[in-house]
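*Asks:* Here's the letter readout for the chains.
There are 2 protein chains.
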Amino acid sequence: MSSTPFDFAPLFPPGLPPAAARWTGRVKFDFTGGNNDPDRVPLEGLIAAANSVLKREGRTLATYGLNSGPQGYLPLREFLVTKLKTDAAIECSADDILITSGSLQGLDLVNRALLAAGDTVIIEEDCYQGSINRLTKLGVTPIGIPLDGDGMRMDALATVLAELAAKGIRPKYIYTVPTVQNPTATIMPVARRLEMLRLAEQYGVPIFEDDCYCDLVWGDKRPPAIHALSKTDNVIHIGSFSKCIAPALRLGYLVAPWGVLSRILALKTDAGSGALEQMVLAEYASAHFFKHVPVLCQTLRSKADTLMSSLRQSFGDAAQFDDPKGGIFLWVKLPDAVDTMKLYQAALSAGVCINPGPEWSVNKTRAKSRLRLCFASSSHEEIQQGVAALADVCRREFGVPK
Amino acid sequence: MSSTPFDFAPLFPPGLPPAAARWTGRVKFDFTGGNNDPDRVPLEGLIAAANSVLKREGRTLATYGLNSGPQGYLPLREFLVTKLKTDAAIECSADDILITSGSLQGLDLVNRALLAAGDTVIIEEDCYQGSINRLTKLGVTPIGIPLDGDGMRMDALATVLAELAAKGIRPKYIYTVPTVQNPTATIMPVARRLEMLRLAEQYGVPIFEDDCYCDLVWGDKRPPAIHALSKTDNVIHIGSFSKCIAPALRLGYLVAPWGVLSRILALKTDAGSGALEQMVLAEYASAHFFKHVPVLCQTLRSKADTLMSSLRQSFGDAAQFDDPKGGIFLWVKLPDAVDTMKLYQAALSAGVCINPGPEWSVNKTRAKSRLRLCFASSSHEEIQQGVAALADVCRREFGVPK
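Here the protein sequences come in this chain order: A and B. Residues in the first sequence are numbered from 468 upward in steps of one, following our numbering. Residues in the second sequence are numbered from 468 upward in steps of one, following our numbering.
Since the hints were made in silico from the structure, they are not lab data. Don't take each hint at face value.
Note: identical chains are not told apart, hence a pair may lie in one copy or across any two.
[Said to hold, decoys possible] In silico SDA-like pairs for lysine to any residue, Cα to Cα no more than 20 Å straight-line: (1) Lys522 to Asp506; (2) Lys522 to Glu511; (3) Lys634 to Leu478; (4) Lys634 to Ser816; (5) Lys604 to Pro481; (6) Lys809 to Arg863; (7) Lys522 to Asp497.
The structure displayed is predicted, hence computed values, not measured ones.
Here chain A stands alone, though its shape is the one from the complex (with noise of 0.2 Å):
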C-alpha cells in the first residue's frame, strides 16, 4: 500500500468557500467580534444555577430535547416569554418560541425557510458581515438601504419597494436590526417602526427582525419589537444570549408564527441545542437576568465613553463617530483617503486588529473609509493603547490623523 498522501481537492464541489487558516491566536488589542468584559460574565451566579438545575433535573441530560422536545428547554422558552413581554413588548407563549444555537442559526433556519437563489431581500446598507456573507453564499441579491441617526431610512425604503414592484420583484424579507444597529448603534423610533410595518403590509413583504443586541440599550427603555407592534403576525424575530450573558454559549432564540416555525423545526436536523447550556441560562436568567443586564450596561458604557475619548485623544478631528445608543461597537468615519481595508492589514501587523468599513456594507464605496470598533472585551487601558497603536499605523500609511 503506496503512503502517498490522498488528495481530496479534486472531490470538493463547486463554489465551496476558500479554506480557512490556521488559527494563530488572538491579537493583542481586538476591536473585533462580538467578544465581551470578561469580569462581567455572572460566573458565581452561573456556577449556582449548574449546580442547583443539575441536582434537581440532569437525568434528563440522558433524553435528546430534556423532555421538552424540538423547540428546546421548556423553562428557557418561559423565561423568555416573560422577557420578551417585558422588554420588547412581544406577547407569545412558549409553543411559539424555538431555542436556536446562537442567532447565527437563527439566521441560517430562517434564509433557508424562504430564500433560493435569485431571490432578492432588503436590508441595512451598512449590516452584520455574517448576514451579508450569508445572503451571497445563498446567490441572494441584498438591496441595503441607507440609515441615519434614526435607523433604517423609511423614505429609500418606500422608494426601493416601488421600484422592485414594478420590475415584478417580491422581496423574501426585509431585515433589520432595528434595536441597537450593527454597525451604526442607532436605534429605531416607534414611528419609523410603524412605517416600515405599513410598508411591509402595502407590497407583502415580511419584516426579519434581528434584535440580538437589544438588551445593551443606555439610558431609555427600548422601543417595542417591531414584531409586538405587527397586527398580522408577518414578523419574524430572532434574539440572542450571546451579548447580554456571554458569547460562547451558543444560545439564541427565534419567534415566528406556526406557519413558518413549523418549516423552520423541520429544517433544524441537529437534534436540539446544547442542553447543559439551555438548563444553566434558564436557572440563571430566571432569577438574575433582569438584574444583570443593567450592570453589563453601565461597564459598556463606560467602555464606549474610553473608546470614544481614545480617538478624539489619538485622531482628533479625523475620526467621526456618533454617540452609540447600546452596543458593543462604535462605526466610525476617517478621512476618504483611508482605505480601511488597506488599513486593516497594516494595523494587524501592528498587533491591532478591526472591522474595515467595506466587510460591514453593501455599499462598499462609501464605507471604503469607515471602520467598526468593539470596545466590550478590552480594558480600559487597552483601549487607549490600541487607538494610539491604530492612529501610528494610520498616520504612517495614510498622513491621517496629522
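Model the placement of chain B on the given structure of chain A, informed by the hints.
*Replies:* What follows is chain B alone, placed relative to chain A:
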C-alpha cells in the same frame, strides 16, 4: 391596517421539507432514538466539573471560542488526543480535531465539503436514518452494501466499486459505522477494515468513518479505527459524546487531514459549539471518562439481555436477531407478513414507539419486516411491558406471534 394574518407560504422555496408536527410528548414505551439511561448520567462528576472549570476559567466565556480558536476548546481536543489513541489507536494532535455540535454537525459539514447534487456515495445497506435522509435531501445517490455479522461485506463492496468504475462513476466516499454498526450492532474485524482500505485506495475513494457508538463495545477491546489503519490519510473520522456521556449534550468531533479540515472549518459559521458543554465535558472526561464507560456498558448490556429475553418471551421464534456486540439497539427480523411501517403506526396508538426497518435501510423491500429497538432509556420493567404490548399489537394486526 388589516389584521388578516400574513401568508408566508408563497415565499417558501421549492424543495422545503414538509412542516413539522407539534410535539405532543414522549410515548409510554419509547424504543426509538439515541436516548440513554438516566441513572447513568454521571451527574455528580458533571456538577463537580462545572464548579471547578467555571471557577478556574469561566471568564473566558466572554470570548467566542474560549481563547481556543475555531476548532474548539483546547483541553477537550487534548482529551480526545488521548482517548483516540487509547481506544481507537488513532495518532493525531489537537490541531487535527474539530469539535462539533454533535456528530450530526460532523455529518453535515463533511457532506457540505464533499457533496453536490448528482453525486454517488457508498453506504451500508441498513444504515442510520439521519445519514440516509441527509443524502436524499442533497440529491445524492446512496448505494447500499449488504452487511453480515462482521459489518459491510467486502465482496459486495468490491463488486459495486468495480461496477461504478466501469460506468465512470467515482463515489465521493464510503460511509461506514464499523464499530457497533447502526442498526445491526456488528463490529467490523481488523482484516475487513484493511480490505476496505485496500479497495478505497484502489478506486481512489476516501472513507468516512462514523464512530459514534465506538465506546459502547462489550467484551473484548474494540479494533483500531479505520482511520488508524490508513497509511494515506484518506479517512475522515467522526465521533460523539452523545452515546457515552449524555445525548442532550450536543458535542461531537471530527478528525481529518488539514486539506479537508480547513475547508470544513470555512463552512462552520456558527461561531463555535457550546462552550459551557465543552468546558464541563473536558473537565469531567479528563478525570473520569475511562472509569465511566465500563459502568455504562454494563448497564446497557443488561438491558440488551432484558430486551432479548422479552422478545423471546413475547414473540417466541417470530422475532429473530443476533446478540448485539455493543450499542443501544437491536435489529429485529419479524416474519415476512409483518410490514413494520404499518406496525409502527398501530403500535404508536398503543403507546409503543419503534423504528420501522424501511426508515433505516436503503433496501426498503428487505427491511420491510425489520425494526430497530433501542433499549437504553427504558427501565427493565418498561422493556418487558413495552415488548409485550408490541407483541399484542403485532398479533392483532398481522397474526404473529401466533
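*Asks:* The structure should be examined with respect to each hint, and the outcome stated for every one.
*Replies:* How the hints compare with the structure:
1. In this assembly of identical chains, the alpha carbons of lysine 522 and aspartate 506 lie at most 20 Å apart only when taken from different copies (13 Å versus 27 Å within one copy).
2. Taking identical chains as interchangeable, the C-alpha atoms of lysine 522 and glutamate 511 lie at most 20 Å apart whether they share a chain (17 Å) or sit on different chains (8 Å).
3. Taking the closest pair of Cα atoms, lysine 634 and leucine 478 come within 20 Å of each other only across two copies (17 Å); inside a single copy the shortest separation is 40 Å, beyond that limit.
4. Proximity of lysine 634 to serine 816 under the C-alpha cut-off of 20 Å is found in neither arrangement, the shortest distances being 47 Å within a copy and 53 Å between copies.
5. For the homomeric pair lysine 604 and proline 481, the shortest alpha-carbon distances inside one copy (12 Å) and between copies (18 Å) are both at most 20 Å.
6. In the homo-oligomer, the alpha carbons of lysine 809 and arginine 863 lie at most 20 Å apart inside one protomer (12 Å), although the nearest pairing across protomers, at 76 Å, exceeds that limit.
7. With identical chains, the CA atoms of lysine 522 and aspartate 497 are never at most 20 Å apart, being 39 Å at best within one copy and 25 Å at best between copies.
Checked against the numbered hints above, the structure violates hints 4, 7; every other hint is satisfied.
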